[in-house]
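Mind docking chain B on chain A? Use the hints.
There are 2 protein chains.
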Amino acid sequence: MATTILIPLATGFEEIEAVSLIDILRRADIKVIVASLNDNLQVQGANGITILADQNISSITVNDIDMILLPGGWGGTDLLAGDDYTQNLIKKMNKENKLIGAICAAPYALDNAGVLKENFTCYPSVEEKIKNQNYTDNKKVIEDNNIITSQGPGTAMCFALYLVKKFKGQEKYNQLKAGLLADFC
Amino acid sequence: MATTILIPLATGFEEIEAVSLIDILRRADIKVIVASLNDNLQVQGANGITILADQNISSITVNDIDMILLPGGWGGTDLLAGDDYTQNLIKKMNKENKLIGAICAAPYALDNAGVLKENFTCYPSVEEKIKNQNYTDNKKVIEDNNIITSQGPGTAMCFALYLVKKFKGQEKYNQLKAGLLADFC
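So the sequences go chain by chain: A and B. Position 19 (the first sequence) corresponds to 24 in our numbering; numbering is contiguous. Position 116 (the second sequence) corresponds to 121 in our numbering; numbering is contiguous.
Isolated chain A (complex conformation) (with noise of 0.2 Å):
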């Protein structure tokens, strides 16, 4: 099975941080299933831009995905942290060690479903909602166990290019990044 990453959209999300995300995947040949929190598959984010998702996220459990990747923005981020559907999925990734992702406020949702880990980074000031205080404000990217969590808008796109070292290798890393002109990761 080709390596599976569901991406859950929640009214309020970051867009650039959702859209550099599924696109540089997509560009590994990753599989990135993009969903919403219920039927209404048309999702608006932060700043107005409305994408439509694949599907509902209810129909999606662990055995069907690799890693779930959220994220940020906070009125998206609050909503994941609120529904239930998406808590359990998180739960149960964890503890089948199953790879959990976040970036900006989303590692906000992960510590409220208890998974977060000693090490992570966030966006700048929601380390202060996060019970969890090992808090790193200085690496774009950072893995601990299975959770691997990144900055914000400006970092996504190394964030999505570090999953695709992790899944595809450095060569795919290499030639992604040359591609998207993104020196800076």
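Treat identical chains as interchangeable: a pair holds within one or across any two.
Quick list of in silico lysine-lysine cross-link-like pairs, DSSO-like style, CA-CA up to 27 Å:
id, residue 1, residue 2
1, 144, 173
2, 182, 144
3, 173, 96
4, 182, 134
5, 144, 177
6, 103, 36
Simulated from the structure, these hints should not be mistaken for lab results.
Frame of chain A; chain B shown alone:
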């Protein structure tokens, strides 16, 4: 009237470029109209991400906008270069010396309309398809008279911030650059 920028989306547009521009310009309180080339407002990008446009471009005239700004992606660029309404709108904007922008492959659509000025940039190799040969490849953004061009996905965020500085000034630029964690711009 608020500063208004038109961003046309045609099937096959590059999603990171389009979304970085829309997102960041809106963060700067610039009015962004996202337009499709026909009555189907759901426009699918090069990497399978579908974005909902605000309206059909056919109802927009030169008097409604301060700038027209084209995202890249080869599929989208070919359609923008072949769409009569869009090409005429670009020509009319140029005749009135209004701002025109393009990133990645899209400077080709400006060359096709005959409005590209002497100095420009674009995605590396796209310059081979452009009649004007004064291509510069070592700058993220090139401004020549009323034409502003940029290179690709990795320069989209800096291109958007360049436009923020132009329309809203240095202070707003500094504020958004810091908020986006875009220290590479």
